[in-house]
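A.B. asks: Protein sequences appear in the order of chains U and P.
Residues in the first sequence are numbered consecutively from 1, following the numbering used here.
Residues in the second sequence are numbered consecutively from 1001, following the numbering used here.
Check the hints yourself; a few may be wrong.
What the hints assert, rightly or not - DSS-like, lysine-lysine: derived pairs with alpha carbons at most 30 Å apart:
no., chain 1, residue 1, chain 2, residue 2
1, P, LYS1334, U, LYS73
2, U, LYS79, P, LYS1374
3, U, LYS79, U, LYS114
4, U, LYS338, U, LYS413
5, U, LYS410, P, LYS1388
6, U, LYS114, U, LYS300
7, P, LYS1334, U, LYS79
As the list claims (entries may be wrong) - Distance ranges between label pairs, derived from CB positions:
no., chain 1, residue 1, chain 2, residue 2, range
8, U, ASN356, P, GLY1366, 54 to 62 Å
9, P, ALA1061, U, HIS132, 54 to 62 Å
10, U, HIS132, P, LEU1373, 35 to 43 Å
11, P, PRO1304, U, TYR83, 31 to 39 Å
12, U, TYR83, P, GLU1346, 19 to 27 Å
13, U, ILE233, P, SER1364, 32 to 40 Å
14, P, ILE1097, U, GLY30, 26 to 34 Å
15, U, SER26, P, PRO1333, 30 to 38 Å
Hints listed in this document are in silico derivations from the structure and should not be mistaken for laboratory results.
None of these values were measured; they are calculated from a predicted model.
Every residue, glycine too, gets a C-beta built ideally from N, C-alpha and C.
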Amino acid sequence: MSWEVVIGLEIHAQLTTNTKIFSGSSIAYGAEPNTQACPIDVGMPGMLPVLNEAVIGKSVMLGLALNAEIGRKSVFDRKNYFYPDLPKGYQTSQFNYPIVGKGTLEIEVDGVKKTIGVTRAHLEEDAGKSIHGAVPGQTGIDLNRAGTPLLEIVSEPDLSSAKEAVAYARKMHELVQYLGICDGNMQEGSFRVDSNVSVRRPGEPLGTRAELKNINSFRFIEKAIEFEIERQIELLESGGQVVQETRLYDSENDVTRSMRTKEEANDYRYFPCPDLLPVVITEETIEAISASMPELPDAKRARYVADFGLSDYDAGVLTGSRDMAEFFESVVEKTGGKDIKLCANWMITGFSGALNKDGLSVKDAPVTADMMAGMLNRISDNTISGKIAKQVFDAMWNGEGSADEIIESKGLKQITDTGAIEALVDEVLANNPSQVEAYKGGQEKMLGYFVGQIMKASGGQANPGQVNQILKAKLSD
Amino acid sequence: MHNLTIKQMSEKLHAGEITSVQLTQHYLDRISKYDAELNAYVTVTPELAIAMAEEADKMLASGEAGLLTGIPVAHKDIFCTDGVKTSCSSKMLDNFIAPYDAHVVTQLKKAGMPILGKTNMDEFAMGSSSESSYYGPTKNPWDHKAVPGGSSGGAAAVIAAGLAPMATGTDTGGSIRQPASFCGITGIKPTYGSVSRFGIVAYASSFDQAGPMTRSAEDSAWMLNAMAGFDERDSTSLQREAVDYAADLGQSLKGLKVGVPAEYFGEGLDADVEAVVRNAIAEVEKLGAEVVEVHLPNKDLAVPSYYVLAPAEASSNLSRFDGVRFGYRCENPKDLQDLYKRSRSEGFGAEVKRRIMVGAYALSAGYYDAYYLKAQKLRRMVRDDFTKAFESCDVIMGPVAPTPAFNIGEKTDDPTSMYLADLYTIPVNLAGLPGISVPAGFVNDRPVGLHIVGPYFSETKLLNIAHQYQQVTDWHTRMPAQYQ
Chain U
1 MSWEVVIGLE IHAQLTTNTK IFSGSSIAYG AEPNTQACPI DVGMPGMLPV
51 LNEAVIGKSV MLGLALNAEI GRKSVFDRKN YFYPDLPKGY QTSQFNYPIV
101 GKGTLEIEVD GVKKTIGVTR AHLEEDAGKS IHGAVPGQTG IDLNRAGTPL
151 LEIVSEPDLS SAKEAVAYAR KMHELVQYLG ICDGNMQEGS FRVDSNVSVR
201 RPGEPLGTRA ELKNINSFRF IEKAIEFEIE RQIELLESGG QVVQETRLYD
251 SENDVTRSMR TKEEANDYRY FPCPDLLPVV ITEETIEAIS ASMPELPDAK
301 RARYVADFGL SDYDAGVLTG SRDMAEFFES VVEKTGGKDI KLCANWMITG
351 FSGALNKDGL SVKDAPVTAD MMAGMLNRIS DNTISGKIAK QVFDAMWNGE
401 GSADEIIESK GLKQITDTGA IEALVDEVLA NNPSQVEAYK GGQEKMLGYF
451 VGQIMKASGG QANPGQVNQI LKAKLSD
Chain P
1001 MHNLTIKQMS EKLHAGEITS VQLTQHYLDR ISKYDAELNA YVTVTPELAI
1051 AMAEEADKML ASGEAGLLTG IPVAHKDIFC TDGVKTSCSS KMLDNFIAPY
1101 DAHVVTQLKK AGMPILGKTN MDEFAMGSSS ESSYYGPTKN PWDHKAVPGG
1151 SSGGAAAVIA AGLAPMATGT DTGGSIRQPA SFCGITGIKP TYGSVSRFGI
1201 VAYASSFDQA GPMTRSAEDS AWMLNAMAGF DERDSTSLQR EAVDYAADLG
1251 QSLKGLKVGV PAEYFGEGLD ADVEAVVRNA IAEVEKLGAE VVEVHLPNKD
1301 LAVPSYYVLA PAEASSNLSR FDGVRFGYRC ENPKDLQDLY KRSRSEGFGA
1351 EVKRRIMVGA YALSAGYYDA YYLKAQKLRR MVRDDFTKAF ESCDVIMGPV
1401 APTPAFNIGE KTDDPTSMYL ADLYTIPVNL AGLPGISVPA GFVNDRPVGL
1451 HIVGPYFSET KLLNIAHQYQ QVTDWHTRMP AQYQ
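Generate coordinates for the entire structure from the input sequences, incorporating the hints supplied.
C.D. replies: Structure follows, in structure tokens:
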């Protein structure tokens, strides 16, 4: 009998604010321990939270992108528990009235589309972190992260394979970055995915789930879920039972291991935080946020196919990130939209390829949209050929200047002067009398040989069309 | 000098007849003389007080002084004070020195008020007698066998004994008004949100409200002017235009409708206290007010509601005292659990532990609806009672507490009877309304206050009524013989 896999994801997206959710401390990554923790973050007596309003608009934006209900009156609650890196003894979160309610996200796996339910998204503060080993025999606490604004996005258990789970996570990852509400950096923990995995026989109630936490790449999330599914099926088929617990993924051995068992459900004693007022969101606010939203990836892809005539694949690559799409659109604009296909090809092969080779992001690319457009304009006006353009692009990437500067300094301008090309043709024909004889004797393939020799003699700069034309005329004389 | 009103002190300071240093030193001398017996201060700060008085004298000399410049103040030990111990009268914070000032402390520093020290209180403001203090009980200056009330008992005692001209207090369930009544001084709890809670160690956040404790209503009005106002660091602080709380002092009481709730004069009220309160109301009537009967039918729901909600908030607010970052930490903890358990059981006193347990219970799964949510519902019913009552009157008058000050030790073994000491004040906190206690007489040589409660933002009215009453009575000017 077959097994059915049931997966739900909880994603913690760190919101791109300058300061913490309830204090003015910076949330910049990588500071010395406890240098970004003010008395509010440390939970000192008498300190009070003040909501960073920036988190509201960012959350609502996600809600709108997910076609979700927006919590018109969302409430902050206290989740009470003791832990050394939780300074106040409670985490301020949202329980009964989250800022984002039910919504959906469409994913595509192997060409099949599926709509995944989003249960809710709520705002909360991050905890600090415990550092073991920095002080011999003791545990250190770093509260820099405490109070960092998080949006926890909870999916319905609608995902039925590791592939679907990763497709959903990737889609959400792309979405939050497009919206500019999260930088998506998984290594720094800005985008964290926890997976709840269970299996059951079709038609039966939900099985006991295990939670997979702290996995910081999509590849490992997929492998961890796959391992976990196998583990649970083997366990059940051999008569065992799945224990509800948190498991960690060990990427070196490609297995999941038990971290802690939830023997009993924690009682967090949630209640509304009396230090914070409910957040009321008006229709006007929603309209204003809606108007300020960037074009979403799905809409952009559809537009590239319909308006620019690009293939689904090309549209997908060019909308892979908001930065890439904006770069591309800027190049199209700066080239006057004359040859969008040319722009797309150069973005995908030249620009994307170079980024991948050097491991750079669009923002760090040494070639700007202006420079790219400058080069493409020189191809369009026949100043350089496509082949020479590759040389120009590499030089721009190496920081040697703009396309025009490089063409000028390296003398790469295409030779279009008929007299100059005629001289080159004459010279090559004069130097290869036996080949000319052979051509005239019927070996027409010799034409390609002559063209190659002429182009070589011109340093690749002769206009190939003109070379062909003049060569043919001379040979038929 | 300690018999002067604040207005007289201020005039003398501005006229250069006395200096702030002289005035401050006078109070410091009295503290040295009397406080060993009274135990009203947890910490006295003579160096700080004199340094601030010198600054105040400079302000006075340069003409930058305000009405309160140079007049010393005592802060309840719940207000965080930069560089000075803020203990909340708990072993848990016996070693705690905040690196910041509470908003109220900042405001009074700006006004140029030298800080004499920090006053004793019930531990974490949980109590009605100041007996739960880690530093021992404060005595009532009128009778050393009696409690001064609580939780702001130290503050009330220093005003009554002339060990400070002005003091700050906080009122969560009656903690300004009940000790004011017990010690024969004037104390007002403003509308919730009028005074910033920033830097006040939280007990029950949705109730806690700071206010002035002084001899007269006029003094309170002046001090409230310095304490109140919007503070962006407290999200529950009200964003209103600045109010001059002294603006209405001097208004006639003609036509004032005084509501007297029958429920405030029922079973449990000491007959002599009732007589004092009724006499005071009659006095107000003589000033032109009209008495009407009103009803607060859900009065008896207030205490049970409060003793679910306040402990629930407290159980969470006090979680930060875990021995990890500040405050008391037990010796040689074996592991994390041991650190938590022993730091908290050794650092907190019995009443605090009782309320944390009650509160945690009321919030726990399976009990939340029956206790916490039910109590919230009762809270709304109590508030609605007031809204309805204020449709037919301007203010409500009644007793502050059912008895005069009780004896030290009398109620310490019976928490329930202690809780009932606040049955008239708690409804006001549940509703978030302003209320004032005004000295109105004595029962067995112990003071008794008149309680005046008004609608939201009616402080100027309450202060004027109290002021008019104090123009025709002298209860507020009396001092215990040994402290004169």
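A.B. asks: Next step is simple, just say for each hint if it's right about the structure.
C.D. replies: Evaluated hints:
Between P/LYS1334 and U/LYS73 the CA atoms are separated by roughly 45 Å; this puts the pair beyond 30 Å, and the hint is violated. For the proposed pair U/LYS79 and P/LYS1374, the alpha carbon gap of about 20 Å is at most 30 Å, so the pair holds. At roughly 34 Å between alpha-carbon atoms, U/LYS79 and U/LYS114 are farther apart than 30 Å, so this suggested pair is violated. Taken as a hint, the U/LYS338 and U/LYS413 pair is honoured in the structure, with Cα atoms around 21 Å apart against an allowance of 30 Å.
Of the pairs offered as hints, the one joining U/LYS410 and P/LYS1388 is violated, with about 90 Å between alpha carbons and a cut-off of 30 Å exceeded. Distance hint between U/LYS114 and U/LYS300 is fulfilled; the C-alpha atoms sit about 19 Å from each other, no more than 30 Å. Distance check on the hinted pair: P/LYS1334 and U/LYS79 sit about 27 Å apart at the alpha-carbon level, within 30 Å; holds. Under the hint 54 to 62 Å, the C-beta atoms of U/ASN356 and P/GLY1366, about 56 Å apart, fit the expected range.
P/ALA1061 and U/HIS132 have their C-beta atoms about 59 Å apart, which keeps the hinted 54 to 62 Å range intact. Hint check: U/HIS132 to P/LEU1373, Cβ distance near 41 Å, so the stated range 35 to 43 Å holds. At about 33 Å, the beta-carbon gap between P/PRO1304 and U/TYR83 stays in the expected band of 31 to 39 Å. At roughly 21 Å, the beta carbons of U/TYR83 and P/GLU1346 sit within the given window of 19 to 27 Å.
Taken as a hint, the range 32 to 40 Å holds for the pair U/ILE233 and P/SER1364, whose Cβ atoms sit roughly 37 Å apart. Under the hint 26 to 34 Å, the C-beta atoms of P/ILE1097 and U/GLY30, about 31 Å apart, fit the expected range. A hinted range of 30 to 38 Å for the beta carbons of U/SER26 and P/PRO1333 is consistent with their spacing of about 33 Å.
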